[in-house]
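Student: Chain by chain, the residues run as shown.
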Amino acid sequence: MWYDSYSDRLMLYARNWLSEDTARDAVQGAFVRLMGQSLTPRDPQAWLFRTVRNEAITRLRRRERYQRHGQKLATQRLCWFESHPEDLIDAHTAHEVLMTLPEAQREVVLLRIWGQLSLKQIARIVGSPLTTVHSRYKAALAAIKERMQSSCRTRMD
Amino acid sequence: MPNENGLNPLEQELEAALGTLAPAQAGLSRDQIMFAAGQASMRRRNRAWQGVSSALVVLLLVSVSLRPDPTVIEVGPEVARIDAPRVAPPSVTSGDDDRGQAFRQYVRTRRAVLERGFDVLPASKPTRTPVGGPPLTREDLSDLLSST
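Sequence order for the protein chains is A and B.
For the first sequence, the positions run 1 to 157 when this note's numbering is used.
For the second sequence, the positions run 1 to 148 when this note's numbering is used.
Just so you know, not all the hints are guaranteed correct.
[Claimed, not checked] Calculated from the model, a selection of chain A residues having no Cβ within reach of chain B, i.e. all distances over 12 angstroms:
#1 S7
#2 R42
#3 W47
#4 L60
#5 R62
#6 D87
#7 T100
#8 S128
#9 K145
[Said to hold, decoys possible] Now the in silico label distances, taken between C-beta atoms and shown as ranges:
#10 B/L66 / A/T132: 16 to 26 angstroms
#11 A/I57 / B/D69: 34 to 44 angstroms
#12 A/A139 / B/N46: 10 to 20 angstroms
Bear in mind the hints are in silico, worked out from the structure with no lab data behind them.
Quick reminder that beta carbons are idealized off the backbone N, C-alpha and C, glycines included.
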């Protein structure tokens, strides 16, 4: 059940830090851990996202790629979203705009929009105050809106 | 009007539009996840047994190393035991038990007298002398022997 509902969303969240293969391993590890729990977590959705986050950070630390992973992700060609003609926003443009955001803002946007978590849950996952998370989210939306508009203008020209 | 997250309508619209984008397929295999979960479960079970046996080994080593020293019991000076010389029992060939017992009694008495003197002789009942005089006692016998 959790797998069907959250595997794609968790994968998107893991791609924020990791390459495709490593992200897949991290998400799989999170599901394996969930199945190994003797008691179901109180908030399994938030638990899964937090576990993926911890797995991602552990893997990044282990491979000492903190410095380079941003550049590596930016050069990845795989789009984070499925492209459909009826989409209001172009999937590739959305991916590109998201990649221009600071990592902390991008994480909040991914958790809020595609993780479908409340800002309170996000604050618990990222370990930041609720006000900080809220301001990051607002700033991220403003940046996305601005960059989307400029992208549209560029295409129109 | 701002919503519960404090977003204005434009931001809400953008949020909704972004939400229509579906994340790309994860490409995870459910069977692979189930297999990995089974493996992890077995590993955990093995670890539990390993932990229990390790704890028992540690407990054993601690109990052996902390065993109290053996208590020393003071024993008094040893008394030398003097064994009486062995005398081979006489072979009784006649088959007469009474005679054999009497002979053994004689040998025991003789040995005791040789080792410790006449005092070991039991106080004998006065016996009548063949001539009808007073019966002979141990004292009489001692006097008689000392006089010679």
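Student: Please go over all the hints and tell whether each is borne out by the structure.
Tutor: Structure-based check of each hint:
For A/S7, the requirement that its beta carbon stay farther than 12 angstroms from each beta carbon of chain B is not met, with the minimum near 4 angstroms. Even its closest Cβ contact with chain B, about 21 angstroms, leaves A/R42 beyond 12 angstroms, as expected for a residue assigned away from the interface. The Cβ of A/W47 sits about 16 angstroms from the closest Cβ of chain B, beyond the 12 angstroms cut-off, so the non-interface label holds. Residue placement check: A/L60 keeps its beta carbon more than 12 angstroms from all beta carbons of chain B (closest about 20 angstroms).
With a least beta-carbon separation of about 19 angstroms from chain B, A/R62 lies farther than 12 angstroms from that chain, consistent with its non-interface assignment. Taking the minimum C-beta to C-beta distance to chain B, about 6 angstroms, the non-interface status of A/D87 is violated against the 12 angstroms cut. Under the 12 angstroms C-beta cut-off, the non-interface status given to A/T100 relative to chain B holds; the minimum distance is some 14 angstroms. Under the 12 angstroms C-beta cut-off, the non-interface status given to A/S128 relative to chain B holds; the minimum distance is some 15 angstroms.
Taking the minimum C-beta to C-beta distance to chain B, about 5 angstroms, the non-interface status of A/K145 is violated against the 12 angstroms cut. Range check, B/L66 to A/T132: Cβ separation about 55 angstroms, and the 16 to 26 angstroms hint is violated. Our hint of 34 to 44 angstroms for A/I57 and B/D69 is violated, since their Cβ atoms are close to 55 angstroms apart. A/A139 and B/N46 have their C-beta atoms about 49 angstroms apart, which leaves the hinted 10 to 20 angstroms range violated.
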